[in-house]
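A.B. asks: For reference, the chains in residue letters:
There are 2 protein chains.
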Amino acid sequence: MFKHSITSIFISFILSFICAFHLHANALSEGELAQIKRLKKTALNSDLSYQLVESLTTEVGHRLMGSEGDKKAIKWATLKMKELGFDKVWTEDVTGPKWTRGEATGRIISPFPQPVVVIALGGSVGTGKAGITAPVEHFKTLADLKKAPKGSLTGKIAFVSYQMKRHIAGNDYGTAVGTRVDGASVAAEKGAVALIMRSVGTDNNRSAHTGSMRYDDVAKKIPAAALSNPDADLLVNQFSRGKPVNFYLKITSNNPKGETVKSANVIGEITGSEFPDEIVAIGAHLDSWDVGTGAIDDGLGVAMVLASAHNIAQLPTRPKKTLRVILFAAEEVGLLGAKAYVKQHKDNMTHHVIGAEWDFGLGRIYKMTPGVGASSLNAIRELAQILAPMGVALAPMNNARAQSDMSLLSDAGMPSVNFSPDGSKYFDYHHTENDTFDKIDPQDLKQNTAVYTVFSYFATQSTINFRE
Amino acid sequence: MFKHSITSIFISFILSFICAFHLHANALSEGELAQIKRLKKTALNSDLSYQLVESLTTEVGHRLMGSEGDKKAIKWATLKMKELGFDKVWTEDVTGPKWTRGEATGRIISPFPQPVVVIALGGSVGTGKAGITAPVEHFKTLADLKKAPKGSLTGKIAFVSYQMKRHIAGNDYGTAVGTRVDGASVAAEKGAVALIMRSVGTDNNRSAHTGSMRYDDVAKKIPAAALSNPDADLLVNQFSRGKPVNFYLKITSNNPKGETVKSANVIGEITGSEFPDEIVAIGAHLDSWDVGTGAIDDGLGVAMVLASAHNIAQLPTRPKKTLRVILFAAEEVGLLGAKAYVKQHKDNMTHHVIGAEWDFGLGRIYKMTPGVGASSLNAIRELAQILAPMGVALAPMNNARAQSDMSLLSDAGMPSVNFSPDGSKYFDYHHTENDTFDKIDPQDLKQNTAVYTVFSYFATQSTINFRE
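In order, the protein sequences belong to chains H and U. All you need for the numbering used here is the position in the first sequence, starting with 1, plus 172. All you need for the numbering used here is the position in the second sequence, starting with 1, plus 172.
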């Protein structure tokens, strides 16, 4: 009985699945499918995105929120959108707290004096001009630091040496980044006067990785810096001698109280011919850390979405829905551009029919994961069939939240597709001086731009409701 | 007749070759061959050289001639030799000119202002505290710079962008390094106020490569600096816009006139049991540039020759001839230690029966090239047979000059064997901040130490005259 009932359910499930599949209207017509193939070919033969990121890194360089570079980047992006054939281009103001990096100096004082390469974490307070010299306590993980008794680090510098592991999807970032984000407040709670940590990175370069950190409301704000991987090794090796370790840290970062800086989201549209109010959003963030030239994070993403929109703009007719390119401000310092966007467009969020961001660097896309209504999954399968010859597999899940800034639009109800690149090398360069143009493989960038072009056409031309 | 005569000559040549081969006494006895096999096994199972370079890089760090690090390194090496069972240990003074690096700052002023990573070339004069701001003239090669008319660079900075190519034997170093060594004087002769150049390196890291340069006696001494490869790319890309390029360079290097610094060659011996005055010399240089920790250049060589000598010292009996380890001072700043050694030992040079240096970094040895008398080539072939299972091929030439410092001993008549490692990655790290312990592959180091151990035993135990 039980067995029979299970079988019945199974058969009816299969039948309903088959019916659903057959009853489902195709998302694109034959003519549109032919168009999308031509578009794919165009994108695969174009080096526009490569030229765009070359332009951004050569003519602008890095662009921390509120910096001269940031201001230039906003002008650059506005101009490029106009040149690339966008129908509308505008900016929306974003405001955030002021922070300047200053200089960072690190030195092992004992047992064996040696200079080390350090970088201030983004948002860290400074040490004062004299710097801090203090004994160092070594913890292998943030969890170990959390276990230290209160007061046990009074007058000391806490050092966390956890080493991030390489992974195609950057899976270990979540573990490693905890120290960067919360480590300073955890250390301060135990009495520490500063936090130093191994960089969140998978490389062996003597470039330290910066990135945002935050202070909780309770603990004292103490300076926080990252050591390059080779320097973290050196410090660990010095600890292995069993002698007291003393360290000098100087950070001249500055967070002037209450002062703010301005930036802007740069937004451009290819206006839809039938449903101009229905928005397909593709995005990347325009800001970068103030090291390197922000080529990988996220100049390349900016270039990809600009080139994809240009490819759509070059078609003989506008697609049915509007393609909106959002170049977010101030992602690095806390998704401030995305927060401002969601606030500004809250009454219009239901018109954001689907979106995708690019903020995971330089590898080739190998997987797509939808985050759409169950009824529109068949349309996503059609898209997957178009992309399959490019090595893009459809993930079996339907739970995607868009990357980075657009995760906030996902949270506000926007369906999305998440394209996953090979991220094995991303954390070699992420948030370092080494994030420069030369790291980009032009072929991978072409392929990824083609994927975004295809997605953009597919989503703007189909009449599927991705919420259902 | 003519044909017959050629055949006769050929036959007698073959016969004489066969006779020579058969008449030749083996360099090592059966017992010695068994010993050398045990030694090889010992070396391949030991991580002593890895531990030694860990110790040098962790406890001393970088060691520019005359620096605190250099002084510490001399003490470190002396102590290690004693601990490792050397029979005699001593130092020999070396004097050289004083040079301090100071700080280096570079910035593209126009057309698109961006900071760049620069490093002063070793020996460069400073710019003065205010630095130099000047228009830049771009040359693709040193040859192009040489072709510039006299006076054509008056008031300008010369930029040479030649990019070194990767090669297993570092073949392109010779081409690339010309700019570093002579570029400043060539540029000065044309009126230039400074030289900037692409680093002599094969990496894409934002670490610039230093290295020695020299001024000729005629041209004005102008400051000289290297840009990292990504920064040289950036500058080339800015030039591609066809707009005037202006650059700011500040170097606070200092060459106080007439001031000298002291260093020392550190020398140790395993004294021969039958021919103590016959010296087999193995060496490396103890100094390093004042960036990185001098792990690859040449901490690893120091460790290899120390460990090899230790392996010999651990045998139940001393070998017949003396094994001398020479850790040369001041290689980087112009082979000053080697020059001092050759001067000091000029009357004893004929007793240096054979030698080998290690100063080509981190790859696995794949080739050996002799530089010995023709009669001793058969002995070298025996050595090659022992090393062949480790992937070391015997080069068909017999023209080796020892590496680096010991090239001066070769010039003074010492026979040598040159062991060639895979140098493909060497110039990724050479003379940069990135020359750190983590770059060393412990297995490659074991293998190379085993090769040097085998060579050391072979050369000290055989009675072959390698000059003949």
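Just so you know, the hints here were simulated from the structure itself, not pulled from any lab data. A few of these clues could be false.
Identical copies carry no separate label here, and so any pair may be met within one copy or between two of them.
[Said to hold, decoys possible] When the alpha-carbon atoms are kept at most 30 Å apart in a straight line, the in silico DSSO-like pairs for lysine-lysine are as follows:
1) 322 / 539
2) 429 / 212
3) 254 / 415
4) 611 / 597
5) 611 / 415
6) 511 / 254
7) 362 / 539
8) 362 / 511
9) 270 / 415
10) 322 / 260
11) 213 / 260
12) 597 / 337
13) 247 / 415
14) 337 / 611
15) 337 / 247
16) 322 / 415
17) 434 / 312
18) 597 / 212
19) 415 / 244
20) 328 / 244
21) 597 / 260
22) 539 / 212
23) 212 / 393
A.B. asks: Is the C-alpha distance from residue 511 to residue 254 at most 30 Å within one copy, between copies, in both cases, or in neither?
C.D. replies: Within. Shortest intra-copy distance 25 Å satisfies the 30 Å Cα cut-off; inter-copy 66 Å does not.
A.B. asks: At 30 Å max between alpha carbons, let me know whether residue 322 reaches residue 539 within a copy, between copies, both or neither.
C.D. replies: neither (45 Å within a copy, 60 Å between copies)
A.B. asks: When no copy is specified for residue 322 and residue 415, does a C-alpha distance of 30 Å or less occur within a copy, between copies, both, or neither?
C.D. replies: within (24 Å within a copy, 60 Å between copies)
A.B. asks: Are the CA atoms of residue 362 and residue 511 at most 30 Å apart within a copy, between copies, both, or neither?
C.D. replies: Close neither inside one copy (33 Å) nor across copies (57 Å); limit 30 Å.
A.B. asks: At most 30 Å between alpha carbons: which applies to residue 434 and residue 312, within, between, both or neither?
C.D. replies: Neither way: residue 434 and residue 312 sit 39 Å apart in one copy and 42 Å across, limit 30 Å.
A.B. asks: If the cut is 30 Å between Cα atoms, do residue 254 and residue 415 qualify within a copy, between copies, both or neither?
C.D. replies: For residue 254 and residue 415, the Cα distance is within 30 Å only across copies (24 Å; inside one copy 62 Å).
A.B. asks: Please sort residue 597 with residue 212 into within, between, both or neither, judging by C-alpha distance up to 30 Å.
C.D. replies: within (26 Å within a copy, 38 Å between copies)
A.B. asks: Reference check for the pair residue 247 and residue 415, CA-CA at most 30 Å: within, between, both, or neither?
C.D. replies: Answer is between; shortest inter-copy Cα gap is 20 Å, intra-copy 54 Å.
A.B. asks: Tell me, please, which holds for residue 322 and residue 260 at an alpha-carbon limit of 30 Å: within, between, both or neither?
C.D. replies: neither (56 Å within a copy, 55 Å between copies)
A.B. asks: My question is about residue 539 and residue 212: at a cut-off of 30 Å on alpha-carbon distance, are they close within one copy, between copies, both, or neither?
C.D. replies: within (17 Å within a copy, 50 Å between copies)
A.B. asks: I want to check one pair: residue 429 and residue 212. Are their C-alpha atoms no more than 30 Å apart within a copy, between two copies, both, or neither?
C.D. replies: neither (50 Å within a copy, 66 Å between copies)
A.B. asks: My question is about residue 337 and residue 247: at a cut-off of 30 Å on alpha-carbon distance, are they close within one copy, between copies, both, or neither?
C.D. replies: Neither: 38 Å inside a chain and 38 Å across chains, both beyond 30 Å.
In summary, the structure is inconsistent with hints 1, 2, 7, 8, 9, 10, 15, 17, 21, 23 from the numbered list given earlier, while agreeing with the others.
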